[in-house]
Structure formats: structure tokens, C-alpha cells
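Protein chains in written order, with the working numbering: chain A, 305 to 568; chain B, 305 to 568.
Hints listed in this document are in silico derivations from the structure and should not be mistaken for laboratory results. It is possible that part of the hints are untrue.
[What the hints assert, rightly or not] To spell it out: a stretch of chain A is covered by chain B in this simulated footprint if at least three of its residues, at any positions, have a beta carbon under 8 Å from a beta carbon of chain B; those stretches are:
| # | stretch |
| --- | --- |
| 1 | 395 to 406 |
| 2 | 417 to 429 |
| 3 | 446 to 456 |
| 4 | 499 to 510 |
Beta carbons are placed, not taken as given, at the ideal position from N, Cα and C, and that holds for glycine.
Here is what each chain is made of, one letter per residue.
Protein chains: 2
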Amino acid sequence: MKPDEKMGTWGVSRRQMMIGTGALAAGATVAHLGGLLKSAEAKGGPTEKWPWPYEKLDPAKTAEIAYEEWYRVFCGAAVINSVFSQLREKVGEPYTSFPVDSFVFLEGGMVGWGMTCGSNTGAAIVANLIIGPRIAGATQGHQISEDMFQWYSDASMPIFVPKTPKVTTELVKTTAESPLCHVSVGKWMKASGYPIGSPERKDRCARVAASNAFHLVELLNSWKDGKYEPSSSHTPVTDYGITAQMNCMECHGDDVPSAPMAKK
Amino acid sequence: MKPDEKMGTWGVSRRQMMIGTGALAAGATVAHLGGLLKSAEAKGGPTEKWPWPYEKLDPAKTAEIAYEEWYRVFCGAAVINSVFSQLREKVGEPYTSFPVDSFVFLEGGMVGWGMTCGSNTGAAIVANLIIGPRIAGATQGHQISEDMFQWYSDASMPIFVPKTPKVTTELVKTTAESPLCHVSVGKWMKASGYPIGSPERKDRCARVAASNAFHLVELLNSWKDGKYEPSSSHTPVTDYGITAQMNCMECHGDDVPSAPMAKK
Chain A
305 MKPDEKMGTW GVSRRQMMIG TGALAAGATV AHLGGLLKSA EAKGGPTEKW
355 PWPYEKLDPA KTAEIAYEEW YRVFCGAAVI NSVFSQLREK VGEPYTSFPV
405 DSFVFLEGGM VGWGMTCGSN TGAAIVANLI IGPRIAGATQ GHQISEDMFQ
455 WYSDASMPIF VPKTPKVTTE LVKTTAESPL CHVSVGKWMK ASGYPIGSPE
505 RKDRCARVAA SNAFHLVELL NSWKDGKYEP SSSHTPVTDY GITAQMNCME
555 CHGDDVPSAP MAKK
Chain B
305 MKPDEKMGTW GVSRRQMMIG TGALAAGATV AHLGGLLKSA EAKGGPTEKW
355 PWPYEKLDPA KTAEIAYEEW YRVFCGAAVI NSVFSQLREK VGEPYTSFPV
405 DSFVFLEGGM VGWGMTCGSN TGAAIVANLI IGPRIAGATQ GHQISEDMFQ
455 WYSDASMPIF VPKTPKVTTE LVKTTAESPL CHVSVGKWMK ASGYPIGSPE
505 RKDRCARVAA SNAFHLVELL NSWKDGKYEP SSSHTPVTDY GITAQMNCME
555 CHGDDVPSAP MAKK
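Chain A on its own, in the form it takes in the complex (with noise of 0.2 Å):
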């Protein structure tokens, strides 16, 4: 997506929203929160070597995995055992020792907190365990995180169909403008009528979890063939002089605050 799509999309501009940008240092994207811009040898286990062997997956058959085991784990942990599972199979460790399963916790924005959606830290989870964190050499974890958070935030939701669906009543489709659960689930409710505990919202939200692990897939297939490029755009800290969203107005109508700024 093109950055002019983009705020278009979103509601407010970045021009709108670019306040004292240079008076904020500059920095790469993968810099930005500052502090630590040199690669820092890693201090833990045997697991802490980047990348982790990486074999090209199915995106379709990822996300059907995706979408059953919602039913089981629910969304962060199903996204994670949607490409570790195959993992396992395909390699084994270190996936093996991975533990999937106490991820459940990802549910709801985080024990239905309505936070970060658990389909977009389920994805970032998987990129930064698989090719490594920025500190360790590596930026396309970080890249890949903010590409899924970008992409699902724009994705008119859910995208993917199962071969064998619970619900086989058609599901609206929503646009979250947010990677945040509770602001993404909230618009598709108010679009659909369905309440949260409806079977409804339950397919909705498993068939996101297989859209994101979709798209995790393809993202990782085209870095696994050294094909892939960053698509966001998105620089908050840079931008905004805050880590945020795009979308400031959408929480704080036309009283967006100003951040502090450096001193020139």
C-alpha cells in the first residue's frame, strides 16, 4: 500500500499529524525507540541463534490450521501453532521446545483486555523467533511486526474462508483501522449486530487469526527467498514524537495533544 493510500485510510493525514519532526533526533525506523543502536550479543540459551531453520509453508493450509485451532487456544497461541506445528514436523527443534499453548493468555487483546489483537502478537511472536531480534543483527522481525500490524489495520476483516466453516452464514466484513482487539472487534460487532459471545463473532475472530497467519506466511516465504521488502510506513516515534498508532483522532477527536519535543 502506498503511504498516500494510506492516510486516506486512516482518517488523518500524516502531514496533519507531522508535528516538530525535525526537532525529533532522526533515526532509522528499526531505531527508534532509541538507546541501544548497536547489536548486543545474546545472553540466553541455546534457542537465542537467529535465524531458526525456516521452511517455506502453504499459506492456505496455514491458515485452515489457523482457524481450528482457535477453537483450541484461541487467537495469539493459534496463529504461533498454525506455522510452528508444521514446524515441528518439517524440523523439529527448536521449535519442539517452543511452548505454544501458554500463549492462550493472547486471547481477547490479552486476557480479554481488548489490547494488541492476539492475531497480530501471535504474528510477531513467530517473525521475531524465527528470524531474530533487531538487537541480535536482524530488522526484518521488526519489519515483518509492523508490516502484519499495518496490513491487518487496513484489511477490510475477516478475509479468509475455511473449506469446512462453523458459521455458514455470511460474515460482514470490517475494516479496524487499529491492531487493537478491542477497537477491531467493537467495529465488527456494531457492523454485524452479532454479541461477543455469538458462534458469529467466534468464526469472525478465528477466521482473522487464519487471515493473519495467511499473510505471516507469505511474508516469510518471500524473506526465506530473499525476496521480501518492508511495506509500513508508519514512524510514530519520528512522527508523532510518542509511540502510537496513525489514528490519533480516533481516540482523541480534533484535541490531539502534543508530544514534548527534543531541544534543537
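Given the coordinates of chain A, work out where chain B should sit on it, guided by the hints.
Structure of chain B alone, referenced to chain A:
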């Protein structure tokens, strides 16, 4: 904290926001996302046997480690490693094989998007890895996550002062009333006047990570002693009909939408 105190602090009483509770499916807190109420067998590897062996840790020592680790791996991974680096020494596996540094991406509410504060995600990851997911029959990992989010939201942060702080000026304390990075950092920046790239803001976040690590170990130690009692009373799906925080009006103003409710 008593529920009444919390309501006052959050700027919206539970009573105000209690909409159609009776119309929602009743259910225990841990079952609030529905679908899977019975235990499911883990499909993963050798690390999916819970609880992981845990030995009680010193909260202050753990907080010091988190503070130092923040400057290497930032908030989320710092909280995880503050606990796991000690358990690698005391216990060994499965802690040795957990790839802590991959969780650098939790920084800035996940790659700078200002969503869940990494110190909260890190704490929830630790609790759920050690205690296990609710689908395996363990509810305390889920509950400690809720407790951490609520405690963080209500706390005047940063609490912990390291023995040898990198920034020696006294830091302003603020109450986030949210577990989100954007809200937590934003309120502190507004009160302090320090920009995101300042040494003061960085040290504030390092101390927040340390504060979270301290409280997390307090909860884990009480769980180890069989004395843990959940304290969070936030049940958004039951109370509001949607995954959510408690301070609806902070983003929605007076125009808080009602979620579609299940038919009686």
C-alpha cells in the same frame, strides 16, 4: 485494592458502565471468551507441562536485573529475563531453552505502536509460561496477568528506584490508568515535559520495567507458597459485552457505545 477504590481512580464507575449484564452469558472470569471451557491437552513439546519448576526469587534483586536489562533488550524482554536469567541458574531447563531476546519487539507497546506496555506483556508471558494456560486447567497465570495489568494501571509509576540509577534527577510519577504504552508514556511525558528520546524518559521506562518485575515476583512467590489470591475484579466481557479496559470515557468521551447484547 478494593473495587470501590478502583472505580474512583479510573474515572468511570463500574455501575455507570454496567450495561445489560444480565443479558450476557454468565461465566467465570477465566471463561469469559467462551468456546473452550474444558481442559484441552497440550499438543506441543516437552515444555508444555505445567507448572514449570519455580524457586522463589528476591523481588528487589529481580527489579535491579530488569532495570539493567532494559538498557540491553527494553521493557518486555527485560521483565522476562529478570526472572528467567535467575531461574536458568537455579533450575536450568526449560528456562535455558526459552528465547528471551526474541521479545525485544515488545518495546514501545510492540515495535513502537504504543499498544500493551512491554513490561505488562513480559510479566504476563512469565506468569503463563511458568504456571501454564487456562486451557490446561491452571487459572492463576491468567489471573496474575489480570492483576498485573490492573496494578500497573493504578500504580504511581515509576515505583522502583535502582541502587545506581543512570539518571540521578528525581523523576515525576504518574498514574497511567491503562496498561497501554501510549497512555502510560504519554501521561508521564506530559507531566514531566521530557521528550521520548530523553535519558529521563528512558530511565522512567527502565524503572517501570523494574517495578513490574518486583511485583510479578511478589505474586509468583505467593503462588509458590500456595497463598496467591487474585485481586483484579475487571471482567469486561461480562460487564461491557466487549473486550475492553475500564476507563471507557478516556477514549470515547461521553459517547460510549453499547455493545450488541445476546438475546435473553
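- Hints violated by the structure (numbers, ascending): none
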